[in-house]
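With these hints in hand, go ahead and build the complete structure from the sequences.
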Amino acid sequence: MTITPSDLARLATLAALDVPADQLATLAAEVDRIVSYVGQLALGDEPADPPAVAASVGVRLRADVVRPIPMLRPLAEFAPQFRDGFFVVPRSAGHGGP
Amino acid sequence: MSLAAVAKETADRLDQSRHLNAALAWSTEALAAEAVRVNALGSIGPLHGWPIAIKDNIVTTDLPTTCASRMLEGYRSPFNATVIDRLQAAGALVACKTNMDEFAMGGSTEHSAFGRVLNPLDPARVPGGSSGGSAALVAAGVVPAALGSETGGSVRQPAAFCGVIGVKPTYGRVSRFGLVAFGSSLDCVSVFGRSVDQAGHVLVAISGQDPLDATTAPLPPLKLDPTPPDLRGVTFGVPIEYFPRDLHPGVRAAMDRVIDLVRDLGGRIEEVSLPHTATAVPTYYVLAPAEAAANLARYDGVRFGIRAEAGTDVAAMYRATRGQGFGPEVRRRILVGTYVLSAGYYDAYYGQAQAARNRIGADFSRLFQAGIDLLITPTTPTPAFRAGDKTGDPVSMYLADVFVSAVSLAGLPAMSLPVGRDAGLPIGMQLVAPAFGEARMLAIASALEARIDAIGEVR
Amino acid sequence: MGWETVIGLEVHVQLATASKLFCGCPTTFGAAPNTNVCPVCLGLPGALPVPNEGAFRLATRAALALGCTVHPRSVFSRKNYFYPDLPKGYQISQFDQPLATGGSVACGSPERGPITVPVARLHVEEDAGKSLHDRFGGLTAIDLNRAGVPLAEIVTGPDLRSPGEARAYLTALKQLLIYAGVSECNMEQGSLRVDANVSIRHPGGPLGTKTEVKNLNSFANVERAIEAEQDRQRTLLEEGGRVDQVTLLFNAATGAVAPIRSKEESHDYRYFPDPDLPPVVLAADWIERERASLPELPEAKRRRFATDYGLSAYDAQVLAAVRAAADYFESVVAHGAEPKAAANWVMGDLLAGFDATGSPAVCAASLAALIALVHEGAVSHSAGKTILEAISGSEEPPAAAAHRLGLIQVRETATLEAWVDQVLAAAPSEVARYRNGETKLVGFLVGQVMKLSRGRADPKAIGPLIERRIN
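Protein chains in written order, with my numbering: chain A, 1 to 98; chain B, 99 to 557; chain C, 558 to 1028.
By construction, these hints were calculated from the structure, which means they are not laboratory data.
It should be emphasised that the depicted structure is a prediction, and the values quoted were computed from it without experimental measurement.
Yeah, the Cβ is synthetic: ideal placement off N, Cα and C, and Gly gets one too.
Take these hints with a grain of salt, some might be off.
Unchecked claim - Under 7 Å between C-beta atoms, here's a sample of chain C residues computed to sit facing chain A:
| # | residue |
| --- | --- |
| 1 | Thr574 |
| 2 | Ser576 |
| 3 | Gly581 |
| 4 | Gly587 |
| 5 | Asn591 |
| 6 | Cys595 |
| 7 | Phe639 |
| 8 | Pro641 |
| 9 | Pro671 |
| 10 | Gly694 |
| 11 | Thr697 |
| 12 | Leu834 |
Said to hold, decoys possible - Here are the computed distance ranges between Cβ atoms for each label pair:
| # | chain 1 | residue 1 | chain 2 | residue 2 | range |
| --- | --- | --- | --- | --- | --- |
| 13 | B | Thr333 | C | Thr592 | 56 to 62 Å |
| 14 | A | Ala76 | B | Pro318 | 38 to 44 Å |
| 15 | B | Ile553 | A | Thr2 | 46 to 52 Å |
| 16 | A | Thr2 | B | Ala521 | 39 to 45 Å |
| 17 | B | Pro318 | A | Gln40 | 40 to 46 Å |
| 18 | C | Glu853 | A | Gln40 | 58 to 64 Å |
| 19 | A | Thr2 | C | Thr592 | 47 to 53 Å |
| 20 | C | Ala881 | B | Pro318 | 46 to 52 Å |
| 21 | B | Asp183 | A | Pro5 | 43 to 49 Å |
| 22 | C | Glu741 | B | Val134 | 49 to 55 Å |
| 23 | A | Gln40 | B | Ala521 | 32 to 38 Å |
Below, the structure is given as structure tokens:
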């Protein structure tokens, strides 16, 4: 298993992370080293599915009651750009949703 | 001493320890305001007047929360973490926010956007990480106790490196609401103290179910065990996998000494095996980055934090903001996490890691069901290493977690206790207890603490 | 060889809870931007989701109404993608372990008659916020009030065969969901949204490449959009081209579909179980309680109305379609009205009101009393309609209104005879022709009497009276 600079570029796109072109190769090598190291797990000859530790108890569900967590600061105070009550971002190229 | 005086002295000590780079945000005024707030409580809480340092990934309304990242530089949370509310209700003073590895990713507190933290016992060495700032402030005597957080040993390991107590509770014992998420299935708010008793009292104050965290256990808050501990009849398991041939000789000598002491006090020592120990670090470094990659997706420059201006396209804005906001280790882990979850690789990495995690948990359950009360291991394979020693190779840094990550994967309570020094450097012993067995673990640790020469040379 | 259209629908319905899926923020529609928000639905650092039992209750009811198997254990997963109105950079949804699978919806296909459309799955997920692209020049404005609102996504396989079938399925589905009290299903407010997967093939052949059509804001537009897309695909294939797997937006103004500008990266959502949320475990008795509290569903009600009340299949279907109207009808019958008459009155005059306001113009007891007045002949049928109009929205009893308006039929022989005599005296030539055998002129004479009485004379009594007087 080798992660090439072009693999890395694809991962960086998925993760919305700019990686300068001159760092692609170094970063690919670093990620490759980590992935190779953790990849030893896949080589184990253990039975694939040991009994899960998780109990049958499920998540605690909240009653359907309106009780917002109080906000001690207005949004405009921490938003990078805020106008007329809206968060504002540059328009997306296709401006269609996924 | 009045609360105002405690606040002033704490601020002075923080000022004087500035060279450690352990605290990121504090002020005399903020501490004075804390004293006023506690005075206004009108009751004497269990932590009345305790100045407590807070790792900078626990959100506070009065001080900034940056996770030691450019991404959150200057960010002020509009809400407090549950643990902050609980500390304040118990009468504690929030002393400062502490430096850390960025977003808690690292084992040396060298991966902070705001510079590395010095080990108070040897400034050339790391304090451990990722909660290195909290550990250093407790070790330097600036505060009696501090909050850190653990995902894979980030309190126990720096506690060992700095010669203080570090306690990680059972997953679900303490609310994560307000702890900035790294690996959500592993993250635990954890505690540093100069003594077992101090750490225990802080843990009691912050523990208990929280309606805002669906993963907290439906249990009443922790109660410390008031009965004087007697080690006769207590069975300590010593897992052979934690004593490899190349274990640091100082660490080995310290452990030998502790094990002899346990025997002297009437405890039973039993050699046991945790056969999947070797898979813990790789398992951790699949699961934690996978969860982190998703948890850190919210840092996109839209609603809070920094935003890099990058033309007119929102996608370019994301990439620029995240590319500039995250440091190298965070970037690596996001990429690894993205990789192991991506189409075609999920089963080989994430799926395998989940199975490995179950096997690791089963290893521990088997021992505790077979009558082992506590496990004794070294906390780290070596004492604190020198700054810069491991920054060139991430995997070598990861391997410093070898004795702490299995416990995190199993969600068990564990702690590190200083048990001596080697060439002046502290050595930590780890105790591991069954789930929700904190009270007994702390009581036994207290008994050992009373008899161990924690600062004497071990050889 | 002909073409066959193959359609699968993904329907998102907002579960009618008071609070959001993972936090206590209200779900009210129309609040000022970014006012129904908190650290959780804003995705602020340190916030955690806690799931809403009410959302699971409603989703379970929806699943049961669709005949799905409700799984006692379901799992939330994270669906990872970046979009400005998706605060956490992932959507909490259900992926490989959804709440429910394997249901169906019965409806009438315009081409194939009655069909049963299989429902593959129903899962619970959170909504995203809203992006407004036309609010500020060159910028996108984000409102996160909707972010975290609970949705059920209801997915069919590629089992529908025409745009009309798609519409029939949606109509029946909406009926069921409203019946079960799950959602308001209001497309204008976005509480029901439809995406259509469309492909075409030669009948019996393998499935073609499918496209996804979005931005469908009414059932009529779903039908139009699928028609447009099937035509687009047919033209493409018949001209030797191929269909690409794209997402298209429907333009209601032009009736055309157009692909969203394709994005470079292929989607890789990297689903994995959400580590903040242990599995949702629903106890068997909890599920059974929901099942037991479901109302009678339209299909069963239709059958019962036909057999118990002797209504025609058409009447039974029309009445059962709207739960409030069906309940009202039964209430009118319970107040003593004859069922067929009650059905006619409810369908004839009141149904439109249900559609507009959801409640009847007069209470069931009043309508039953009015039907009785008509039935016993105290007022004529047409007077009944006048009375209904007069008492709409008021509490006035129908009999009182009839008296007030002078609409009670006159049946005293003396009065009727006086009217008849007056008419006969004024129409000597018609009387003569009648006597000469033109007996059908009695209708004309009855009409004259009705006119003279301003509608109050009992027409059934007048005919014989006229005959008696003339002969």
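Evaluated hints:
1. The restraint placing Thr574 of chain C at the interface with chain A holds, with a minimum CB-CB distance near 5 Å, inside the 7 Å limit.
2. Because the smallest distance between the Cβ of Ser576 of chain C and any Cβ of chain A comes to about 5 Å, under 7 Å, the interface hint for this residue holds.
3. Interface restraint check for Gly581 of chain C: the shortest CB-CB distance to chain A comes to about 4 Å, inside 7 Å, so the restraint holds.
4. The beta carbon of Gly587 of chain C is not positioned within 7 Å of any beta carbon in chain A (closest approach about 13 Å), and the interface hint is therefore violated.
5. Contact between Asn591 of chain C and chain A, as hinted, is supported at the beta carbon level, the nearest pair being about 6 Å apart and thus within 7 Å.
6. Here the hint on Cys595 of chain C is kept, as its CB sits about 4 Å from the closest CB of chain A, short of 7 Å.
7. The closest approach between the C-beta of Phe639 of chain C and any C-beta of chain A is roughly 5 Å, which is under the 7 Å cut-off, so the hint is satisfied.
8. Interface hint at Pro641 of chain C: satisfied, since its Cβ lies 5 Å from the closest Cβ of chain A, which is below the 7 Å cut-off.
9. Hint on Pro671 of chain C is violated. Least Cβ distance to chain A is approximately 36 Å, over the 7 Å limit.
10. This hint is violated: Gly694 of chain C has a C-beta 9 Å from the nearest C-beta of chain A, more than the 7 Å allowed.
11. Hint status for Thr697 of chain C relative to chain A: holds, with the closest Cβ pair at about 5 Å, below 7 Å.
12. Interface hint status for Leu834 of chain C: upheld, as the beta-carbon distance to the closest one in chain A is roughly 6 Å, under 7 Å.
13. For Thr333 of chain B and Thr592 of chain C, the Cβ-Cβ distance of about 59 Å falls inside the hinted range of 56 to 62 Å, so the restraint holds.
14. For the hinted restraint 38 to 44 Å between Ala76 of chain A and Pro318 of chain B, the CB-CB distance of approximately 41 Å keeps it satisfied.
15. Checked against the hint of 46 to 52 Å, the pair Ile553 of chain B and Thr2 of chain A passes, with Cβ atoms roughly 49 Å apart.
16. Thr2 of chain A and Ala521 of chain B have their C-beta atoms about 42 Å apart, which keeps the hinted 39 to 45 Å range intact.
17. The hinted range of 40 to 46 Å is satisfied by Pro318 of chain B and Gln40 of chain A, whose Cβ atoms lie roughly 42 Å apart.
18. At about 60 Å, the beta-carbon gap between Glu853 of chain C and Gln40 of chain A stays in the expected band of 58 to 64 Å.
19. Between Thr2 of chain A and Thr592 of chain C, the C-beta spacing of about 51 Å keeps the proposed range 47 to 53 Å intact.
20. Checked against the hint of 46 to 52 Å, the C-beta distance between Ala881 of chain C and Pro318 of chain B comes to roughly 49 Å, which is consistent with it.
21. Judged by the Cβ atoms, the range 43 to 49 Å given for Asp183 of chain B and Pro5 of chain A holds: they are separated by roughly 47 Å.
22. In this structure the hint that Glu741 of chain C and Val134 of chain B lie 49 to 55 Å apart at CB holds, the actual value being about 50 Å.
23. Look at Gln40 of chain A against Ala521 of chain B: about 34 Å separates their beta carbons, and that is inside 32 to 38 Å.
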